[in-house]
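Participant: Below are the chains, spelled out letter by letter.
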Amino acid sequence: MKIRVLYFAWLRERIGLGREEVETEARTVADLVAELRAREARYDLAFSDLAAVRCALDQELVEFDTPLGQAREVAFFPPMTGG
Amino acid sequence: MTPRIVVTEDDFDLGSEADMLEQGPDTGAVVTFTGRVRDVAGGLRHMVIEHYPGMTERALTDMATQAATRWPLSGVTIIHRHGTLAPGQRIMMVGTASRHREAAFEAASFLMDYLKSRAPFWKKEVTGDGADWVAARDSDEDALDRWRS
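The listed protein sequences derive, respectively, from chains U and B.
Just so we're on the same page, this note's numbering is the position in the first sequence counted from 1, plus 297.
Just so we're on the same page, this note's numbering is the position in the second sequence counted from 1, plus 4.
Bound-form chain U, shown alone:
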């Protein structure tokens, strides 16, 4: 399936783009991360410490073991620093 992947803050900078369409067979968010890491060194580096990464599925915060299901958009970003 095709899914839109978004990156924010230092993840966007390390990967070098803010969004892309990804063709994937991944079942969960974690599987998708593994696919991305296997692609290129910049992805591998950006996702090297998952404790420092948060993810959202269709704009809702989720854990990495969440199934992608029919989601259209997944986003990766560092812990938020609003306020």
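Take these hints with a grain of salt, some might be off.
Selected chain B positions facing chain U (Cβ under 7 Å, derived; list incomplete) [claimed, not checked]:
1. VAL35
2. PHE37
3. GLY39
4. GLU54
5. TRP126
6. LYS127
7. VAL130
8. VAL138
Not close to chain U: a few residues of chain B, all C-beta gaps over 10 Å, as computed [what the hints assert, rightly or not]:
9. VAL10
10. ARG94
11. THR131
12. ALA139
Pair by pair, the computed Cβ-Cβ distance ranges are [to be verified]:
13. B:ASP66 with U:ALA327: 53 to 61 Å
14. B:GLY92 with U:ALA327: 37 to 45 Å
15. B:GLU26 with U:VAL319: 26 to 34 Å
16. B:ASP43 with U:ARG339: 31 to 39 Å
17. U:ALA335 with B:ASP15: 42 to 50 Å
18. U:ARG311 with B:PRO57: 20 to 28 Å
19. U:ALA338 with B:ASP15: 35 to 43 Å
20. U:SER345 with B:ASP146: 19 to 27 Å
Just so you know, these hints were derived from the structure itself, not from any lab.
Keep in mind it's a predicted model, so treat the numbers as computed, not measured.
Beta carbons are placed, not taken as given, at the ideal position from N, Cα and C, and that holds for glycine.
Following the hints, put chain B in place on chain U, whose structure we already have.
Facilitator: Chain B only, in chain U's frame:
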């Protein structure tokens, strides 16, 4: 009660925002909190705030709705800016209105605690030494615990 949620690059007028919250004969208390860009060691040139359009508005609306479920509020305002901000400029505000001050204070505090670590904003500080993303603090995450009971 429909919360007023604004995500913008523009500055806002604190007086008119407070005036709006004061509408209504039952409103006995209005609390506003304003966050500003402060200087940092090394001298801050400016701050850049990035956000996740779409999710930001959803997250802020969800927080405001949760607050209105927990406290009897007659008004909630959340304004958060993004883009490039200079030291001294306003970043954001939270405003709450209620019959009594306890609800207004507590709801404002609740909203601030959630904004810190559950609204998709990221701050980058640009100083003479370079640019660095602001790291989230464990204390911000811990602050949510007191609202979970």
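Participant: Run every hint past the structure and note whether it holds.
Facilitator: Status of the hints after comparison with the structure:
{"no.": "1", "hint": "VAL35", "result": "15 Å, violated"}
{"no.": "2", "hint": "PHE37", "result": "9 Å, violated"}
{"no.": "3", "hint": "GLY39", "result": "6 Å, holds"}
{"no.": "4", "hint": "GLU54", "result": "6 Å, holds"}
{"no.": "5", "hint": "TRP126", "result": "4 Å, holds"}
{"no.": "6", "hint": "LYS127", "result": "5 Å, holds"}
{"no.": "7", "hint": "VAL130", "result": "13 Å, violated"}
{"no.": "8", "hint": "VAL138", "result": "5 Å, holds"}
{"no.": "9", "hint": "VAL10", "result": "14 Å, holds"}
{"no.": "10", "hint": "ARG94", "result": "12 Å, holds"}
{"no.": "11", "hint": "THR131", "result": "16 Å, holds"}
{"no.": "12", "hint": "ALA139", "result": "8 Å, violated"}
{"no.": "13", "hint": "B:ASP66 with U:ALA327: 53 to 61 Å", "result": "25 Å, violated"}
{"no.": "14", "hint": "B:GLY92 with U:ALA327: 37 to 45 Å", "result": "43 Å, holds"}
{"no.": "15", "hint": "B:GLU26 with U:VAL319: 26 to 34 Å", "result": "49 Å, violated"}
{"no.": "16", "hint": "B:ASP43 with U:ARG339: 31 to 39 Å", "result": "34 Å, holds"}
{"no.": "17", "hint": "U:ALA335 with B:ASP15: 42 to 50 Å", "result": "45 Å, holds"}
{"no.": "18", "hint": "U:ARG311 with B:PRO57: 20 to 28 Å", "result": "21 Å, holds"}
{"no.": "19", "hint": "U:ALA338 with B:ASP15: 35 to 43 Å", "result": "42 Å, holds"}
{"no.": "20", "hint": "U:SER345 with B:ASP146: 19 to 27 Å", "result": "26 Å, holds"}
In summary, the structure is inconsistent with hints 1, 2, 7, 12, 13 and 15 from the numbered list given earlier, while agreeing with the others.
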